[in-house]
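J.: One letter stands for each residue in the lines below.
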Amino acid sequence: MAQFEKANPSIKVKPVEYQWTAPSFAAKLAAGTLPTVFEVPFTDARTLGDNGQLADLTGGARALPYFSKYNKAVLAEGTDSKGRIIALPKGAYAQALHYNRKLFAEAGLDPNKPPKTWAQVIRDALQISQKTGKAGYVQMAKDDNTAGWILTTLVYTLGGRMEKGSGKDAVATLNNAQTVTALNMLKRMRWTDNSMGSNFDYGWSDINQAFAAGNVGMYVSGSDVYTNLVQASKVDPSIYGLAALPIAKSKNAGVLGGGTEVAVKPTVGDAEKSAALKWIDFFYERPLVTKARARQNASTLAANKQPVGVPALPLFNKKQYDLANTWIKPFINVPLGQMKPFLTDIFGQTLIPEPAASTQSVYHALDPVVEAVLTDRNANIQSLLDQANKTAQAAISSGK
Amino acid sequence: MDAIAEIEVEGAALARRQYRVRRSPLTWVRGGGLSTLLFVLPRLLAFGAFSWYPIVRTVVMSLQHTNLVESPTWVGFDNFRAVLNDPLLPIAVKNTAYFAFLALIFGYPVPLAAAVLMSEARRGRSLYSVLAYLPVVIPPVVAVLLWKTFYDAGSVGVFNTVLGWGHLGPYPWLQSQSWAMPSLVLESTWANAGATVIIYLAALTAVNPELYEAAAVDGATLWQKVWHVTLPQLRGVLLVTMILQIIGTAQVFLEPFLFTSGGPANATLTVLLLIYDYAFGNSLGGDYGMATALSLMLAVFLALFSLAYLRATRSWSTE
Numbered sequence: 001m002a003q004f005e006k007a008n009p010s011i012k013v014k015p016v017e018y019q020w021t022a023p024s025f026a027a028k029l030a031a032g033t034l035p036t037v038f039e040v041p042f043t044d045a046r047t048l049g050d051n052g053q054l055a056d057l058t059g060g061a062r063a064l065p066y067f068s069k070y071n072k073a074v075l076a077e078g079t080d081s082k083g084r085i086i087a088l089p090k091g092a093y094a095q096a097l098h099y100n101r102k103l104f105a106e107a108g109l110d111p112n113k114p115p116k117t118w119a120q121v122i123r124d125a126l127q128i129s130q131k132t133g134k135a136g137y138v139q140m141a142k143d144d145n146t147a148g149w150i151l152t153t154l155v156y157t158l159g160g161r162m163e164k165g166s167g168k169d170a171v172a173t174l175n176n177a178q179t180v181t182a183l184n185m186l187k188r189m190r191w192t193d194n195s196m197g198s199n200f201d202y203g204w205s206d207i208n209q210a211f212a213a214g215n216v217g218m219y220v221s222g223s224d225v226y227t228n229l230v231q232a233s234k235v236d237p238s239i240y241g242l243a244a245l246p247i248a249k250s251k252n253a254g255v256l257g258g259g260t261e262v263a264v265k266p267t268v269g270d271a272e273k274s275a276a277l278k279w280i281d282f283f284y285e286r287p288l289v290t291k292a293r294a295r296q297n298a299s300t301l302a303a304n305k306q307p308v309g310v311p312a313l314p315l316f317n318k319k320q321y322d323l324a325n326t327w328i329k330p331f332i333n334v335p336l337g338q339m340k341p342f343l344t345d346i347f348g349q350t351l352i353p354e355p356a357a358s359t360q361s362v363y364h365a366l367d368p369v370v371e372a373v374l375t376d377r378n379a380n381i382q383s384l385l386d387q388a389n390k391t392a393q394a395a396i397s398s399g400k
Numbered sequence: 401m402d403a404i405a406e407i408e409v410e411g412a413a414l415a416r417r418q419y420r421v422r423r424s425p426l427t428w429v430r431g432g433g434l435s436t437l438l439f440v441l442p443r444l445l446a447f448g449a450f451s452w453y454p455i456v457r458t459v460v461m462s463l464q465h466t467n468l469v470e471s472p473t474w475v476g477f478d479n480f481r482a483v484l485n486d487p488l489l490p491i492a493v494k495n496t497a498y499f500a501f502l503a504l505i506f507g508y509p510v511p512l513a514a515a516v517l518m519s520e521a522r523r524g525r526s527l528y529s530v531l532a533y534l535p536v537v538i539p540p541v542v543a544v545l546l547w548k549t550f551y552d553a554g555s556v557g558v559f560n561t562v563l564g565w566g567h568l569g570p571y572p573w574l575q576s577q578s579w580a581m582p583s584l585v586l587e588s589t590w591a592n593a594g595a596t597v598i599i600y601l602a603a604l605t606a607v608n609p610e611l612y613e614a615a616a617v618d619g620a621t622l623w624q625k626v627w628h629v630t631l632p633q634l635r636g637v638l639l640v641t642m643i644l645q646i647i648g649t650a651q652v653f654l655e656p657f658l659f660t661s662g663g664p665a666n667a668t669l670t671v672l673l674l675i676y677d678y679a680f681g682n683s684l685g686g687d688y689g690m691a692t693a694l695s696l697m698l699a700v701f702l703a704l705f706s707l708a709y710l711r712a713t714r715s716w717s718t719e
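If you read the sequences in order, they're chains A and B. 1 is the number of the first residue of the first sequence in the working numbering; add one for each residue after it. 401 is the number of the first residue of the second sequence in the working numbering; add one for each residue after it.
Hints should not be assumed to be uniformly reliable.
[Claimed, not checked] In silico lysine-lysine, BS3-like type, Cα no more than 25 Å apart, as pairs:
(1) A:K102 with A:K340
(2) A:K28 with A:K12
(3) A:K234 with B:K548
(4) A:K14 with A:K278
(5) A:K187 with A:K131
(6) A:K390 with B:K494
No lab work stands behind these hints, which were simulated from the structure alone.
Just chain A, same shape as in the assembly:
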């Protein structure tokens, strides 16, 4: 920050503690207490832009020297329906399988050979729960859209999709055959194998806590979750293992990807906007493209005992990503060896973006279905999905 202010004496940066949360975002925006620069998930940037809730960065963004090198798909996440650039990428992740190497070993499984098919996941989960008494496989199942998010991830790996088309004309396809298969997998682990433990209301952060506490064999979350595991839950690095998700042999099967965008609040004047862009360029983007900034960033993080080298997806291209990783090599402090199963497989997997229309509403419609399957032995999967599909379709059609 001091370096930035030195280079830009007319700009004063005031850091604030900020976490993007759905309930507070709109209220903060309306109340004018939103920071000038803030992060939003891929899922929401476009719609927020369409709703006039993010500043138009098109001019300044196009002037960035590396602008033309962005991965087009990544850039599209920050471009609204009128073609305006309303956010720039900070980082991207792919969904991955996180597993506890210690529990694998205790259960007599090879920690270097995580499951490669869902059948193996089910088998390993059973073995872990029987041998160690811990939950073999757990899944986020909270009413805050995380349940729907992870179910969608599973469905993608089986080759299914939650919707067809885009915008208000998109057709909801939540009740597809792959969703039924995914839910039946959960049903089997929960009720037949009893390998999912006894808590079925995990959200994003408490599932991380449970994993860091050593109570979870395997779970699905973003490939960059290790940062939170270290920062918030002080995970013992030696238990951590990261693998790519099992992908079914179907041409549509792939892995769900997402990420974080950096945006500017819509009410700023021109001077503040250009200052904000300078800061985004300096703080978020340069470390990805220039050696000196990358090393500087990594050394600061490492000195503060923050994770450096957590697996992410390239914002530009694989070559640039690999190059940037060689710059920061001396500072990498995450157990890369234990992440090898992920790093070897991920670049061969097809990356599929989240459902484009009414993403959060689609996830929200799926939440109670996942909850029902995990808390009611006799849940009728097909009728629950048909109902969820209706709910999602109504949300899509009304643009919510």
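Given chain A, put chain B in place with the hints provided.
T.: Same frame as chain A, but now just chain B:
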């Protein structure tokens, strides 16, 4: 007659005029008007800004479509229609009624029984009062988070461990659609009983002790004393605490929000949680119109219900 009446009227008008003349700003200030106004002003401002302004805004917003950033558009009663057509509304109403019912069956008699027993105690009454009131002092969020660990559904959860000693369980507590709501009521009763106990204890001291003595002379048991003396004497307070509890439980939010977020599978989705979901559940800004519309409907319903309740029980409470 008419003439006299006219004169009288004129006289009255004259007196009024004279009165008005006498009430100059100066006399008003001297009479203490200014200090009264000064004292009442902060309250008026606070009440206006934090109570009446939001109420008026709620009414306005329920007729609008707004994301709080772009200028709002008027949509008439569309928000009300959308709420009434929401398939989640009947579920939320049913769950709220279920919570209110369970709280009435289990939560309502508990403080009364505790108060009667405590007033019967000869020693340590203040200790019991402190123990009963302690849960009210604990911040609700802390209490819920504490109980959440008690409710751990594994065999290592606090409740399941204790019940396990008696070879019971493990029970799913919050992890089952049928167990979740009773679990919330249990915590809520524990958390809220203390305040009502204190009200009952105060009311009990107002009961004429001669009535108990007379009953004792007649050879009444404790139960008979409670049934024939205590309850009839407390009926006014009992009726008020009941309507307060019904209004309170109709607005239950904290427990389902913190314990279950309305899950599993909407089994604990209450009306207030649905309002919250409308406004804040969707990360893209939410539907403030629908949220305010449902809030208004709930407020009107509770007002009408309270009125009907007071009407129906008026003769009973002031007999």
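J.: All hints are to be evaluated individually against the structure, with a verdict given for each.
T.: For each hint, the structure was consulted:
1. Using a Cα cut-off of 25 Å, the hinted pair K102 of chain A and K340 of chain A holds, with the two alpha carbons roughly 16 Å apart.
2. Under the criterion of a C-alpha separation no larger than 25 Å, the hint pairing K28 of chain A with K12 of chain A is consistent with the structure, at around 22 Å.
3. A threshold of 25 Å between alpha carbons decides the hint, and for K234 of chain A with K548 of chain B the separation of about 22 Å falls inside it, so the pair holds.
4. Between the alpha carbons of K14 of chain A and K278 of chain A the distance comes to roughly 14 Å, so the proposed pair stays at or under 25 Å and holds.
5. A threshold of 25 Å between alpha carbons decides the hint, and for K187 of chain A with K131 of chain A the separation of about 21 Å falls inside it, so the pair holds.
6. Only pairs whose Cα atoms come within 25 Å are accepted, and K390 of chain A paired with K494 of chain B is accepted, the gap being roughly 21 Å.
Hint compliance for this structure: no hint is broken.
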